[in-house]
Amino acid sequence: DGGITQSPKYLFRKEGQNVTLSCEQNLNHDAMYWYRQDPGQGLRLIYYSQIVNDFQKGDIAEGYSVSREKKESFPLTVTSAQKNPTAFYLCASSSTGSSGNTIYFGEGSWLTVV
Amino acid sequence: AQSVTQLGSHVSVSEGALVLLRCNYSSSVPPYLFWYVQYPNQGLQLLLKYTTGATLVKGINGFEAEFKKSETSFHLTKPSAHMSDAAEYFCAVSGRMSNTGKLIFGQGTTLQVKP
Chain A
1 DGGITQSPKY LFRKEGQNVT LSCEQNLNHD AMYWYRQDPG QGLRLIYYSQ
51 IVNDFQKGDI AEGYSVSREK KESFPLTVTS AQKNPTAFYL CASSSTGSSG
101 NTIYFGEGSW LTVV
Chain B
1001 AQSVTQLGSH VSVSEGALVL LRCNYSSSVP PYLFWYVQYP NQGLQLLLKY
1051 TTGATLVKGI NGFEAEFKKS ETSFHLTKPS AHMSDAAEYF CAVSGRMSNT
1101 GKLIFGQGTT LQVKP
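Protein sequence lines, in the order shown, are assigned to chains A and B. Mind the numbering: the first sequence is residues 1 to 114 in the working numbering, read in order. Mind the numbering: the second sequence is residues 1001 to 1115 in the working numbering, read in order.
Treat the hints with care, as some may be off.
What the hints assert, rightly or not - Derived lysine-lysine pairs resembling BS3-like cross-links, with alpha carbons at most 30 Å apart:
(1) A:K71 / B:K1049
(2) A:K57 / A:K9
(3) B:K1049 / A:K9
(4) B:K1058 / A:K57
(5) B:K1049 / B:K1069
Stated by the list, open to error - Away from chain A, derived, C-beta distances all over 10 Å, residues of chain B:
(6) S1009
(7) E1015
(8) Y1025
(9) Q1045
(10) K1049
(11) L1056
(12) F1067
(13) S1070
To be verified - Non-contacting residues of chain B with respect to chain A, defined by C-beta distances greater than 10 Å in every case (computed):
(14) G1016
(15) K1069
(16) E1071
(17) L1111
None of these hints come from the bench; they were simulated from the model. Computed from a predicted structure; not experimentally measured. Backbone N, C-alpha and C fix where the C-beta goes; we use that ideal spot for every residue, glycine too.
So here's chain B without its partners, still in its complex pose:
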């Protein structure tokens, strides 16, 4: 069965510092990989996704993620944090061999940005 692990339920960075949110998956076949962001009291918004091709994926708001098959990872990064990046971030997977599009989510990481 597939699973997703996000290391660190809370991450705190200073404004202007590097943001690194970690995501590892467990799957015999590399899945499709997604990162979503959720602001308080709102739904989820897609930041980026990896399906095939280039392993470094660029998303919205300056975020990017790199798929590393050997490490079964899909970590999310941003070179310089802004106060507006404070939110909860979810990594999710969808099985390549699945006949449904349902997503399996990690437990989420809350990003705090300090001035």
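One chain only, chain A, in its complex shape:
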């Protein structure tokens, strides 16, 4: 089945460690996104990529990094510089980066700092 796969579903990180969240899609979509979800704050955009080998910062990019070496993959690294990383992270994709296209979401990854 076509879709967006995020892994792991649950991840625990010690303070000071970097961690990478995986996102893979087999929808042949050009554009991919990472959102962060906190209770009562909706979803906030971390990074997005409209094409391979190119990406842009979203509204809350500080403390995060991404890469887009392959069309189907858009991993997110949460670095030790991110001051409050505990959250639910959602990866998404759309056929193109054009406005108005439907954005499809993965099942999300929970990151907890211990």
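Based on these hints, arrange chain B on the given structure of chain A.
Below, chain B alone, put in the same frame as chain A:
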């Protein structure tokens, strides 16, 4: 800058009652408008969207929404609530003049359905 406001972080209805979830946007040009639903511990699923044409949009699971330019609103309704509708609902916008497809989300409304 665009913004989205969802009035009411929690809405409670009885099973069989009308569901009304409110969404207002702020934008100089009417944006593309979306409603998503999120069940606990899951990703978001598109309910419906408005891009152009008929202002009353029908979506999945019996939901519909009406774009009202004069009120800058895109409220979500369902005539009769089911227990399975209990979830969190997000309104989102994407700018018509934008060269990216990124969405701006409201803060979400949790719908509780009482038996």
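Taking the minimum C-beta separation from E1015 of chain B to chain A, is that value above 10 Å?
holds (26 Å)
Does Q1045 of chain B clear chain A by more than 10 Å, comparing its Cβ with all Cβ atoms of that chain?
Check fails; 7 Å does not lie beyond 10 Å.
Taking 30 Å as the top limit, are the C-alpha atoms of K1049 of chain B and K9 of chain A close enough?
holds (28 Å)
Agreement of K1049 of chain B and K1069 of chain B with the hint, judged by alpha carbon distance not exceeding 30 Å:
holds (15 Å)
Taking the minimum C-beta separation from K1049 of chain B to chain A, is that value above 10 Å?
violated (6 Å)
Is it true that the CA of K71 of chain A sits at most 30 Å from the CA of K1049 of chain B?
Answer holds: K71 of chain A to K1049 of chain B is near 26 Å, not above 30 Å.
The output says S1009 of chain B does not contact chain A. Does that hold with a beta carbon cutoff of 10 Å?
Its Cβ does come within 10 Å of chain A, the nearest being 7 Å, so this is violated.
Is K1058 of chain B close enough to K57 of chain A, meaning Cα to Cα at most 30 Å?
violated (34 Å)
Closest CB of chain A to the CB of L1111 of chain B still more than 10 Å away
holds (15 Å)
Can we trust that S1070 of chain B is non-interface, i.e. its beta-carbon lies farther than 10 Å from all of chain A?
Non-interface label on S1070 of chain B holds, nearest chain A Cβ at 22 Å vs cutoff 10 Å.
Assertion that Y1025 of chain B lies outside the chain A interface [Cβ separation over 10 Å]:
holds (13 Å)
Is the nearest Cβ of chain A still more than 10 Å from the Cβ of L1056 of chain B?
Non-interface label stands for L1056 of chain B: nearest chain A Cβ at 18 Å, farther than 10 Å.
In summary, the numbered hints that this structure violates are 4, 6, 9, 10.
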